[in-house]
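S.K.: Read top to bottom, the protein sequences are chains A and B.
Counting from 1, one number per residue, gives the positions in the first sequence under the working numbering.
Counting from 1, one number per residue, gives the positions in the second sequence under the working numbering.
Mixed in with the good hints there might be a few duds.
Stated by the list, open to error - Distance condition first, Cα-Cα at most 30 Å in a straight line; then the derived DSS-like pairs of lysine-lysine:
#1 Lys29(A) to Lys32(B)
#2 Lys3(B) to Lys83(B)
#3 Lys3(B) to Lys94(A)
#4 Lys59(A) to Lys32(B)
#5 Lys99(B) to Lys39(A)
#6 Lys99(B) to Lys83(B)
#7 Lys15(A) to Lys200(B)
#8 Lys83(B) to Lys81(A)
#9 Lys15(A) to Lys3(B)
#10 Lys99(B) to Lys200(B)
Said to hold, decoys possible - Restraint ranges, calculated between C-beta atoms of paired labels, are given here:
#11 Lys29(A) to Lys32(B): 19 to 27 Å
#12 His110(A) to Val154(B): 21 to 29 Å
#13 Lys32(B) to Lys73(A): 46 to 54 Å
#14 Gln62(A) to Glu22(B): 32 to 40 Å
#15 Asp85(A) to Ser202(B): 46 to 54 Å
#16 Glu39(B) to Asn25(A): 33 to 41 Å
#17 Lys106(A) to Lys182(B): 23 to 31 Å
Claimed, not checked - If you want the footprint, here are the derived chain B segments under chain A, 3+ residues with CB under 8 Å:
#18 33 to 43
#19 156 to 167
For the record, the hints were derived by calculation from the structure and aren't laboratory data.
Note that this is a predicted model, so its numbers are computed, not measured.
We treat Cβ as the ideally placed atom computed from N, Cα and C, and that holds for glycine.
The residues making up each chain are set out below.
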Amino acid sequence: MSEPAETPSFQDMIKELKYLKEAENQAQKVIDDAERRAKDVVSDAESKAATLLSENVEKRRQLEIQIREEVEKEFRGTLAKLEEDYVRERSNVKQRSETHMEEAVKYLVHSLLTTR
Amino acid sequence: MSKNTESLEAMRRKIIQDADAEALRILNQASKRADEVMEAAKQESSYDENVDRSRIKDSHQATDRERVSEAMSEYTSLLSSYKAEIMDSIYQETLRRVKMHVDSDEYLPTLEGLIVEAGIAIGGGEIIVWVNQDDTERASSSLLARASAEVTKVTGKETRLTLSPEHMEAVGGARLVQTESKATVDNTFQGRLKRLREQKQSELENMVFG
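Extracted from the complex, chain B is given alone in its bound form (with noise of 0.2 Å):
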């Protein structure tokens, strides 16, 4: 082999030496690119089942709650309303019997009870006594004097109730207004009934409903 023959493959082998190098070099900086594109692929999707599913259920349960939250206070209300409207009802039936009580002969010691109660209460002197139409003819000046009479040895207060020449609408009872204060006594059954549901409303809401 001559002098320039060996010389001219050394250049040949240099340029393919060279080539090899350069090739090698770019498969490298490939392999690690996609290592690194893997692994960020890999990364942003890995997660922890069972975190992820604590948390999607965590928050579909949150809104659970408040929907059944909403629901048993629906349930209470729609339960509170059905009382409601029983004792309505009770209140309606306890009504006509006292009325029927009103259409009786018995009725009459039981407004002059009515009335001496209220003047007691109202603290005796000069009254008016309100009254419904049919018990305007109830209310005689006899049942009034005794009433007056009874009032004045409660109270120690001089006292005289007198009928008032208007009548009022009720289902019984009267309506005593003192003429110098003004201070007035509904006992109306209704206005007794009003009563007595404010006051014992929960002892009577106990004993329908245990």
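Next up, chain A with everything else stripped away, as it sits in the complex (with noise of 0.2 Å):
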């Protein structure tokens, strides 16, 4: 014949429940420091996101700036050399009229006098 089960005193129940919510809290608190890490990755990457965004968006910036100071010095060269060529070609110009006028004034003035 077995022996009757031993019923557990009222403390004892008290104890045991006091086990079990200390369990309990222990639980929840690995589950919330848990939490708070995840927490903390996900911000840490969307941190490193936006850092990398906005070094991305400053980087294209200075790009930007540095090509179009060299296309800038690029177009002033340009029309540096178009003025150059203008003044050369006004001054060439200007010395062959002088050259040849005397030239055209005197065919002119011989096709105005001459008739049939």
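Got two chains here, separate frames each, mind docking them using the hints?
M.R.: Right, dumping it as structure tokens:
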């Protein structure tokens, strides 16, 4: 014949409940810690992503400024050359016309005074 | 250890194990989300610098090509204006020298030649001759008679040149109007120069500017 089960005393039951409550608190702490760490992981990633994007925007801005300066320099060079060409051509025109003006005037006068 | 104690310990272990599993799930999920955020950022910020450089450069160069083209047009136009000024000064000088000829004794045969040439061009007939005030005296009846005979001879049409009682403004030369047809030939020096400029413009410009 087996021994009848020992009925726990009220005090024992209170102890057991406290024991389980402690376990539950510990479990909750583990989960809370995990949630906090999870939040930190995501927040850290978002912060890194924002930094990456902002660095990229700045990099592109700098690239744009650099290229604009390069192109502007090239453009100013082209304009300066055009102006130089114009001044040289105008000077050539002046020089050639001074040489040939008399010839043209004589030709015109002759043509105007000569009839059939 | 009593049975009761064993059962209690198992329950505690289960609670802690479940919590650990849940914590692990939460951390895994966070890690996955963090990876996604970083991946999206990398994709958004990834670009080929050479492609970007080329795109930006092309866009600026297109604007500059327009500016260069405008500058070239402006210089071409300035050069054309400068050449036109030179040609105008040549025409002015030409008329000044023609005026010197008009004031000389050699002008009379020239005037007669101009009248005959215009008379032939108009085809002869009854013709009114317009000249400037100074030339009204030079274009004498004998000069007009000689010119009429010459025009008749060349055109084969009986011609009579008559001096207009009114005069016109001109350096010299004559304007002839056929009475019947009202056909007009402007053989003043200004009229001749105008025609010369139109007909010989490129030849003259080549002569002057090379």
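S.K.: All hints, please: hold or fail.
M.R.: Consistency of the hints with the structure:
1. Only pairs whose Cα atoms come within 30 Å are accepted, and Lys29(A) paired with Lys32(B) is accepted, the gap being roughly 23 Å.
2. For the suggested pair Lys3(B) and Lys83(B), the alpha carbons sit about 120 Å apart, so the restraint of at most 30 Å is broken.
3. Pair hint Lys3(B) plus Lys94(A) does not hold up; C-alpha atoms about 122 Å apart against a cutoff of 30 Å.
4. Between Lys59(A) and Lys32(B) the CA atoms are separated by roughly 28 Å; this keeps the pair inside 30 Å, and the hint holds.
5. In summary, the hint linking Lys99(B) to Lys39(A) is not supported, as the alpha carbons are separated by about 103 Å, beyond the 30 Å threshold.
6. Only pairs whose Cα atoms come within 30 Å are accepted, and Lys99(B) paired with Lys83(B) is accepted, the gap being roughly 24 Å.
7. Pair hint Lys15(A) plus Lys200(B) does not hold up; C-alpha atoms about 126 Å apart against a cutoff of 30 Å.
8. A hinted pair counts as satisfied when its Cα atoms are at most 30 Å apart, and Lys83(B) with Lys81(A) qualifies at roughly 21 Å.
9. This hinted pair checks out: Lys15(A) and Lys3(B) have alpha carbons roughly 16 Å apart, not beyond 30 Å.
10. At most 30 Å may separate the alpha-carbon atoms for a hinted pair to count; Lys99(B) and Lys200(B) meet this at roughly 22 Å.
11. Between Lys29(A) and Lys32(B) the beta carbon distance is about 24 Å. The supplied range of 19 to 27 Å therefore holds.
12. Checking the proposed 21 to 29 Å range against His110(A) and Val154(B) shows it holds: the Cβ atoms sit about 23 Å from each other.
13. Lys32(B) and Lys73(A) have their C-beta atoms about 49 Å apart, which keeps the hinted 46 to 54 Å range intact.
14. Roughly 47 Å separates the CB atoms of Gln62(A) and Glu22(B), a value that falls outside the hinted 32 to 40 Å.
15. The hinted window of 46 to 54 Å between Asp85(A) and Ser202(B) is violated, with their beta carbons roughly 23 Å apart.
16. Checking the proposed 33 to 41 Å range against Glu39(B) and Asn25(A) shows it holds: the Cβ atoms sit about 38 Å from each other.
17. The hint said 23 to 31 Å for the Cβ distance between Lys106(A) and Lys182(B), and at roughly 37 Å that hint is violated.
18. For the segment 33 to 43 of chain B, the proposed coverage by chain A is satisfied: 8 residues have a C-beta within less than 8 Å of a C-beta in that chain, meeting the threshold of three.
19. A stretch counts as covered by a chain when three or more of its residues have a beta carbon under 8 Å from one of that chain; for the segment 156 to 167 of chain B and chain A the count is 0, and the coverage is violated.
In summary, the structure is inconsistent with hints 2, 3, 5, 7, 14, 15, 17, 19 from the numbered list given earlier, while agreeing with the others.
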